[in-house]
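K.L.:
Please construct the entire structure, taking both the sequences and the accompanying hints into account.
Following the numbering used here, the numbering of the sequence shown begins with 1 at its first residue and continues without gaps.
Simulated from the structure, these hints should not be mistaken for lab results. Warning: the hint list may mix true and false statements.
Stated by the list, open to error - With a cut-off of at most 25 Å between alpha-carbon atoms, the simulated DSS-like pairs for lysine-lysine come out as follows:
1) 111 x 97
2) 124 x 111
3) 89 x 124
4) 124 x 85
5) 301 x 238
6) 111 x 89
7) 25 x 111
8) 193 x 176
9) 238 x 281
10) 262 x 301
11) 86 x 124
12) 176 x 25
13) 400 x 365
14) 176 x 20
15) 85 x 97
16) 237 x 262
17) 262 x 238
18) 176 x 237
19) 281 x 301
20) 97 x 124
21) 86 x 111
22) 115 x 85
23) 281 x 262
Since the structure is predicted, the reported quantities are computational estimates derived from the model, not experimental observations.
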Amino acid sequence: MSNPPLSLRDLDQLGLERIKGIGPKTLVALEAFEVRSVLDLLETYPRRYVDRTNMAMIADLVEGVPALVVVTVESTSAFTTRNNKKMVKVAVSDGTKRLNITFFNQGWREKQLYKGLEVAVFGKPELFNGALQMTNPLVDPVGNATGRIVPIYPQSEKSRISSSDLATWIEDALNKCAPRGFADTVPQELVDKHGFIGRGEAMRAIHLPDSIEAHQNARRRLAFDEVLRVQLMLVGKKAQWERESAGFSHETSGHLIDGFLKALPFPLTGAQTRTIAEIYKDLASGTPMHRLLQGDVGSGKTLVAVATMLAAVQGGHQAAIMAPTEVLADQHALGIRALLASLTVSDESNLFGDRTLRIELLTNKVTGEQRRNILAGIADGSVDIAIGTHALIQDSVNFKSLGAVVVDEQHRFGVEQRSRLR
1 MSNPPLSLRD LDQLGLERIK GIGPKTLVAL EAFEVRSVLD LLETYPRRYV DRTNMAMIAD
61 LVEGVPALVV VTVESTSAFT TRNNKKMVKV AVSDGTKRLN ITFFNQGWRE KQLYKGLEVA
121 VFGKPELFNG ALQMTNPLVD PVGNATGRIV PIYPQSEKSR ISSSDLATWI EDALNKCAPR
181 GFADTVPQEL VDKHGFIGRG EAMRAIHLPD SIEAHQNARR RLAFDEVLRV QLMLVGKKAQ
241 WERESAGFSH ETSGHLIDGF LKALPFPLTG AQTRTIAEIY KDLASGTPMH RLLQGDVGSG
301 KTLVAVATML AAVQGGHQAA IMAPTEVLAD QHALGIRALL ASLTVSDESN LFGDRTLRIE
361 LLTNKVTGEQ RRNILAGIAD GSVDIAIGTH ALIQDSVNFK SLGAVVVDEQ HRFGVEQRSR
421 LR
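P.N.:
Structure representation (structure tokens):
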């Protein structure tokens, strides 16, 4: 019975000592790269590629036109300028002509670019003393690579790990994995639908592409896999959070919501009605809800958000809306106060049995006694809806019973920031 294809977990459990050329000292050096397993090694992707078919010859270089040349180092010398800065001059040739390369403040180039080394150089030729030269170009040693497309990996002068080293180890890892192949967990119908190549083919082509097109296809497939992996992880965390977190079972019908809808000078759109109904179904379930509300500017997202918050307030809880800027928070406060000006909530401490809905704005501009009063109202529950910026997630803000949270432009807040407002 043959062994099954290698999964990501299998690759993560394979030690680097299995790779030819990696010994104890190299293992320590790779640790600095955070490369600790065969999976880490295979996911160390090239930062760029040298296409040998798209190279220029030194003799054909044009002043001011960026170009890629593959050359051999003839000599290297280092100098210190009058300003006490390190300057390294390198003479290179490709058999058609000689080219001078100058590096400023890159003294380590003296050791890196030794005589006889073949390197790929990309830069803008400029005229100096009647001859073309390049200043501080991109330089990548291509080592013994003979393919048409040469991968260039991140390098570490400190760890003495070169692009050529990584290319050699990765190719050995790919060859050793080839008999079993790589497990592909994406359904074939999805692969066919989007025109993806197989995972095994992508893993090899990202490191050893036969063409730029092959590299692009590999990158597209591996990018999809990474996004899918992240999304599945987030879905799992969301499901776990919903299982382990206690939520409120909100009452989604009553005088507060009815009064709000009747007071609107226009009917809700079909999309608004449908979205509110979906949200109310979640709110009534007692399971914590996470929803992303999308729509163009002016499409009525604020009305949906207000209807959501009112469901919490109607049940005796509080609601909050957090905006990324004070200007946006101010706008929300003005708009929401105008929408809800006629609404009241039950209040047994009041002689009339109700009071005006209390909406407060909390930003860093609110200070002194006004801020203390708002914080006290949030803590004792007399503030029904709090509108604010990052000020809402400061340690001094303690809601008595927060039942609904709206985060405007949520992409401008960090995950931890959003999670603190619960």
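K.L.:
It remains to establish, for every hint, whether it holds in the given structure.
P.N.:
Now for the hints, and whether the structure bears them out:
1. 111 x 97: holds (24 Å)
2. 124 x 111: holds (23 Å)
3. 89 x 124: The hint holds at about 16 Å.
4. 124 x 85: holds (22 Å)
5. 301 x 238: Holds. Residue 301 to residue 238 sits at ~23 Å (cutoff 25 Å).
6. 111 x 89: holds (12 Å)
7. 25 x 111: Roughly 21 Å between the alpha carbons, so the hint for residue 25 and residue 111 holds.
8. 193 x 176: violated (31 Å)
9. 238 x 281: holds (18 Å)
10. 262 x 301: Within the cut-off at roughly 18 Å; holds.
11. 86 x 124: Within the cut-off at roughly 21 Å; holds.
12. 176 x 25: The hint holds at about 22 Å.
13. 400 x 365: The given pair, whose Cα atoms are some 23 Å apart, holds under the 25 Å limit.
14. 176 x 20: holds (10 Å)
15. 85 x 97: Between residue 85 and residue 97 the Cα gap is close to 29 Å, so the pair fails against 25 Å, i.e. violated.
16. 237 x 262: Violated, at roughly 39 Å.
17. 262 x 238: violated (35 Å)
18. 176 x 237: violated (35 Å)
19. 281 x 301: Holds, because 18 Å separates the two Cα atoms, which is no more than 25 Å.
20. 97 x 124: With Cα atoms ~16 Å apart, residue 97 and residue 124 stay inside 25 Å; holds.
21. 86 x 111: holds (13 Å)
22. 115 x 85: Given that 25 Å is the threshold and the Cα spacing comes to 23 Å, the pair holds.
23. 281 x 262: holds (21 Å)
Comparing the model with each numbered hint stated earlier shows that hints 8, 15, 16, 17 and 18 do not hold.
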